[in-house]
Amino acid sequence: MAVQTVAANTESSVDLGPAAALSCRECKERFDLGPIFACASCFGPLEVAYDLPSGSPEELRKRIEAGPNNIWRYAPLLPVPADVADKPNTNPGFTQLVKADNLARELGVTGGLYVKDDSGNPTHSFKDRVVAIAVEAARAFGFTTLSCSSTGNLAGAVGAAAARAGFRSCVFIPHDLEQGKVVMAAVYGGELVGIEGNYDDVNRFCSELIGDPLGEGWGFVNVNLRPYYGEGSKTLAYEICEQLGWRLPDQIVIPIASGSQLTKIDKGLQELIKLGLVEDRPYKIFGAQAEGCSPVSAAFKAGHDVVRPQKPNTIAKSLAIGNPADGPYVLDIARRTGGAVEDVDDEQVVDAIKLLARTEGIFAETAGGVTVGVTKKLIEAGVIDPTLTTVVLNTGDGLKTLDAVAATSQATATIRPSLDAFRAAGLATS
Numbered sequence: 002m003a004v005q006t007v008a009a010n011t012e013s014s015v016d017l018g019p020a021a022a023l024s025c026r027e028c029k030e031r032f033d034l035g036p037i038f039a040c041a042s043c044f045g046p047l048e049v050a051y052d053l054p055s056g057s058p059e060e061l062r063k064r065i066e067a068g069p070n071n072i073w074r075y076a077p078l079l080p081v082p083a084d085v086a087d088k089p090n091t092n093p094g095f096t097q098l099v100k101a102d103n104l105a106r107e108l109g110v111t112g113g114l115y116v117k118d119d120s121g122n123p124t125h126s127f128k129d130r131v132v133a134i135a136v137e138a139a140r141a142f143g144f145t146t147l148s149c150s151s152t153g154n155l156a157g158a159v160g161a162a163a164a165r166a167g168f169r170s171c172v173f174i175p176h177d178l179e180q181g182k183v184v185m186a187a188v189y190g191g192e193l194v195g196i197e198g199n200y201d202d203v204n205r206f207c208s209e210l211i212g213d214p215l216g217e218g219w220g221f222v223n224v225n226l227r228p229y230y231g232e233g234s235k236t237l238a239y240e241i242c243e244q245l246g247w248r249l250p251d252q253i254v255i256p257i258a259s260g261s262q263l264t265k266i267d268k269g270l271q272e273l274i275k276l277g278l279v280e281d282r283p284y285k286i287f288g289a290q291a292e293g294c295s296p297v298s299a300a301f302k303a304g305h306d307v308v309r310p311q312k313p314n315t316i317a318k319s320l321a322i323g324n325p326a327d328g329p330y331v332l333d334i335a336r337r338t339g340g341a342v343e344d345v346d347d348e349q350v351v352d353a354i355k356l357l358a359r360t361e362g363i364f365a366e367t368a369g370g371v372t373v374g375v376t377k378k379l380i381e382a383g384v385i386d387p388t389l390t391t392v393v394l395n396t397g398d399g400l401k402t403l404d405a406v407a408a409t410s411q412a413t414a415t416i417r418p419s420l421d422a423f424r425a426a427g428l429a430t431s
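Per our numbering, residue 2 is the first one in the sequence shown, and the count goes up by one each step.
Because the hints were derived from the structure by calculation, they are not lab data.
Certain hints may be false.
Unchecked claim - Only pairs whose alpha carbons sit at most 20 Å apart, straight line, appear in this in silico SDA-like list of lysine to any residue:
#: 1; residue 1: 63; residue 2: 278
#: 2; residue 1: 275; residue 2: 61
#: 3; residue 1: 268; residue 2: 281
#: 4; residue 1: 63; residue 2: 243
#: 5; residue 1: 275; residue 2: 48
#: 6; residue 1: 100; residue 2: 360
#: 7; residue 1: 302; residue 2: 337
#: 8; residue 1: 275; residue 2: 51
#: 9; residue 1: 63; residue 2: 276
#: 10; residue 1: 302; residue 2: 323
#: 11; residue 1: 63; residue 2: 83
#: 12; residue 1: 275; residue 2: 65
#: 13; residue 1: 268; residue 2: 329
#: 14; residue 1: 268; residue 2: 48
#: 15; residue 1: 29; residue 2: 65
Unchecked claim - Label-pair restraints from in silico Cβ distances:
#: 16; residue 1: 214; residue 2: 84; range: 31 to 39 Å
#: 17; residue 1: 103; residue 2: 22; range: 43 to 51 Å
#: 18; residue 1: 302; residue 2: 388; range: 23 to 31 Å
#: 19; residue 1: 41; residue 2: 205; range: 18 to 26 Å
#: 20; residue 1: 302; residue 2: 246; range: 42 to 50 Å
#: 21; residue 1: 333; residue 2: 107; range: 27 to 35 Å
#: 22; residue 1: 386; residue 2: 43; range: 32 to 40 Å
Model, not experiment: these values are computed from the prediction.
All residues carry an ideal CB built from backbone N, CA and C; glycine is no exception.
Let's have the full structure, built from the sequences with the hints guiding it.
Right under this line is the structure:
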C-alpha cells in the first residue's frame, strides 16, 4: 500500500484545531498532519492524535453546552479549526436520543432502552458526521475534488457536503445499489460512477486511482482523508453521553460495515473518561452484522483475531463490506469491554425494521434493522443484560431501502369511498 501525499499541503502547521499529529495504531510512530492514511514503517492505519483541552471538566462541559446544536459544539475535541462553525458545511449532528419505552417493553428491557436516531442528519444517515470532518481536512490540505468509495449513504453525504462547501465531487458506488441511494447521491449535481462489482471492488479501484495522476488534487474522504473522516463517528459517543446527562451507557449496540464507527465510538468514550467529562466505569460494546456479510461476527464466534473476508450477499447493502478494514480492532474492543459480535439473517432484519417502526415510529434502513435484530437476539440469548441502560444505533432512514419492506408493507384494504364499504372491510372499531 502506497502512502498518498500528492497535490496537498502537508505542512504540520495546518490549522486543524487540537489535532497534533497522526499516530500509527500499530507501532505508534507519529507523522505530521497530512493526507496520509498508512504508516510508512509498518503500513498500519493512522489516526489523529490530539492536544486535548486542559482545565476543569465543569468548564469544558459548559463550553460544549453553550455551543451550536450540531457536531461543532465538540470542536475542541475534533480535528477542525476553531472557526469551523462559520464555514459552509452541512452542520450535522445532535440528533435525537429516543427513550424507546415501547420497544423496551417488547424486548423485556427494564434498565432503560434508547435509540440514537441518526436518520435526522442532512442526508439522513450518520455519514454526514464523518464527511463534515473530512471536508475541513480537504480545505486544510488544498484539495479541489471530494471523492469516496461508497455503499450508498456516504456517496450522498459527499455529494451534499461538496455542493455546500464549493468542491467538485466524483463518487464511486457498486452498480446494483438501492435506487433510492443512487438518486440521493446523484441529485446534488456531482459525478456518480457505478462500478461493476461489490463494495470491495469499488474500494480497490479507488485505491488505484488515488495513486495515479488522474487522482491528483482529489480528497478521498475514506482513503487519504480517512484518519480525519473517522473522527466524525466520535461525536456519536459525545452526544449519547451528553444526552444521558453526562454519563456512559452500560451497553451500546453498533452496526459494523468497515468497523470504523464502532472503533471511533469507543475512542470517543475513552476521551470523555480521560477528560473527566463522564465517570470512569465499565461499559460493553456489541457489534451487529448481517448474516450474509458477517466476517467479524464469524471471527468473534470462532475466537479468531484475524477476520477472513467474505463475499457479501445481504439486503443490508450499507453494511456489505466483505473485508472490513477495522475488523480486528472491533474484535479487540468487543472482547476488552465484555461485549460480543452477532449477526441476523435477512428475514430477521426485515422483522426488526418493522418492530422498531411499530413500537417507536422510527423507520430504519436495513442497517438499523440489523442492529435492532441483533439487540433482540442477544437479549433473548442472555448476552445483553435487560436490567442495564442500553443504547441502540439507527444510522439511516428507511426511505433509502424501501425494497426491503415493500412486499410486506402494503395498504390494509382498498375500498369504495363509502361507510358501508368501510364496515364491510371489517376495519371499523366500536
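*Against the structure, test the hints numbered earlier, and report the numbers of the ones violated in rising order.*
15 and 20
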